[in-house]
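> Listed below are the residues making up each chain.
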Amino acid sequence: MNRNVQLLWNGLIPENPIFRLALSMCPAVAVTTSVENGLMLGLAVIFVQVFSSCTVAMFRSYIHPRIRIPAYVIVIALWVTVIDMILPVISPDVYKKVALFVKLIVVFAIIISRLELFASKEPLVPSFFDGLGMGLGFTFGLVVIGAIRELFGTGKLFGIDVFDSGPLLIMILPAGGFFVIGFLMGLFNWIEYKLTGKIPTSGGAH
Amino acid sequence: MITTRILRFAIVLVAMLALSLTGVNFSEAALTGSFNKDNEISISFSAPVDEAWGKNPANYNVFQKTDPDIRIPVASVTLDPRRTSATLKFQDPLNMSSEYTVEAKDVMSDGKLLGKLDFSVKKSQAQVLFTIIIGAMLINNFVFTKYLGLCIFFGVSQKKDTAIGMGITFTLVMVLSAIFCWALYTYVLTALQLQFLQIIVFIGTVAIFVQAMDTMLRKVNPFLFKKLGVYLVLIVTNCIILAVPLINVDSGYGLFESMSEGLGAGVGFAIALFLMACVREKLELCRVPAVFRGLPIAFVVAGLFALAFLGFSGLSIF
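So the protein lines, in turn, are chains A and B. Numbers 380 to 585, taken from the working numbering, label the letters of the first sequence in order. Numbers 955 to 1272, taken from the working numbering, label the letters of the second sequence in order.
Among the hints, erroneous ones may be present.
[Said to hold, decoys possible] Derived contacts from chain A toward chain B, CB cut-off under 10 angstroms, selection only: (1) L402; (2) C433; (3) I455; (4) V459; (5) M464; (6) F487; (7) L547; (8) G555; (9) L566; (10) Y572.
Don't read these hints as lab results, they were simulated from the structure. Just so you know, even glycine gets a beta-carbon here, dropped at the ideal spot from N, CA and C.
Please put together the full structure from these sequences, using the hints given.
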């Protein structure tokens, strides 16, 4: 398989930021009351991840190893500021719901860990695909959780009625987010156990 | 393993906050009223007023201080037996976090005309701050209802000792960085109209305080320092600490409000950490299904806590 395609696939499933690496869990619980919110934040994360990966990959030889963490934080903060100005213009209604978390992208562990582990060592093109893959994997996780919570919590999907039975209110309450993620992680572990015969240890959760 | 020194520092900080609270309320010379319930205001006069005048709702003009054109209709007025204080009742609940003005027109006292009196009605500073602290601590607990700081929450909640130490460290960093971020935002960013730089400036401030905490803790309590290990540095990349200044700016809080928000958030986070650590110490001894071991079961436990914290949502003190 072409290496770039492999990097994309790697971020989407084998090293999925939410279910496998268990990084940046806060937004995964917080904004996933509907698919729309999850998609919005996912797109913002793709943007920030891709652009900061590319920036760091381009300037990696100029960044002194000792001050690399502050340098990465500044780069991320720069792109977060940019997306924070763009999003309210594109979709003001959805932005209002996820505004706090768009600003908080700057402290998402997934982004800085990709810069540290990948973009600081690899050239521009692989870094681009790695960033894109991780961003897509993150969006995929948010959309899956959002879809489950919106479907059971309100009986709708993308705001369209799917079934008219009484909604399961707990799903859109704060507690529901924790439950859904806990059970999804268990499910993913179980699938992996069935496929490979061993139980994976989950990530460090930060 | 809490060192007395860290505790002492925390106590001094709380004492400073308490002192500053008592100092705030003395400077009000104008006539004031107070909220009774969310649809009642009571005001008091210096001399007994005439009953016929006092019970007529048309004699009072009530409006929010920010828009004087919108009059709020008074439903009924009751006078106390000594006729020196009146209670105004309204049909709709008032917004108790904003300031109201009550104008009493042509006040009649024993047949004499006293002219117009203005009363300003707002919650006292102590009430406002207490509400903010309780709100950030219990009602909108940062972990269980705002889902912030989950990384550290799941990472450090395995042992009670570390949980307590981490909670105190967090509270200190949050209060200090809330004060500094407020000062920077008000006097530098707003003054130079550079508000869009808030994210970069705030994260820099937080990073400085974490570094300071790191240096201090290394000297004051090497044991705790070793135990916290990598998580101390991780405070920088933690949403809960950056969220406090951002929320403060969004809600337009002043210095003391910002401090209370930081304090409430920190204490709330410490409570959450401690509760979770207690459960997880017990969980070690339980037979959890293999696929749920580790993080998945921790998430389910956190969900149960979040359910319990929903009970606080109806809580209102003032």
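> A separate judgement is required for each hint: does it hold in the structure or not?
Taking the hints in turn, this is what the structure says about them:
Because the closest C-beta pair between A/L402 and chain B is about 8 angstroms apart, less than 10 angstroms, the hint holds. About 19 angstroms separates the beta-carbon of A/C433 from the nearest beta-carbon of chain B, more than 10 angstroms, and the hint is not met. The closest approach between the C-beta of A/I455 and any C-beta of chain B is roughly 9 angstroms, which is under the 10 angstroms cut-off, so the hint is satisfied. Taken as an interface hint, A/V459 checks out: its beta carbon lies about 6 angstroms from the nearest beta carbon of chain B, inside 10 angstroms.
The restraint placing A/M464 at the interface with chain B holds, with a minimum CB-CB distance near 7 angstroms, inside the 10 angstroms limit. Interface hint at A/F487: satisfied, since its Cβ lies 8 angstroms from the closest Cβ of chain B, which is below the 10 angstroms cut-off. With its C-beta approaching chain B no nearer than about 14 angstroms, A/L547 sits outside the 10 angstroms limit, and its interface hint is violated. Checking A/G555 against chain B by beta carbon gives a least distance of about 7 angstroms; that is within 10 angstroms, so the hint holds.
At about 8 angstroms, the closest approach between the beta carbon of A/L566 and any beta carbon in chain B falls short of 10 angstroms, and the interface hint on this residue holds. Taking 10 angstroms as the C-beta cut-off, the interface hint given for A/Y572 holds, the closest approach to chain B being about 6 angstroms.
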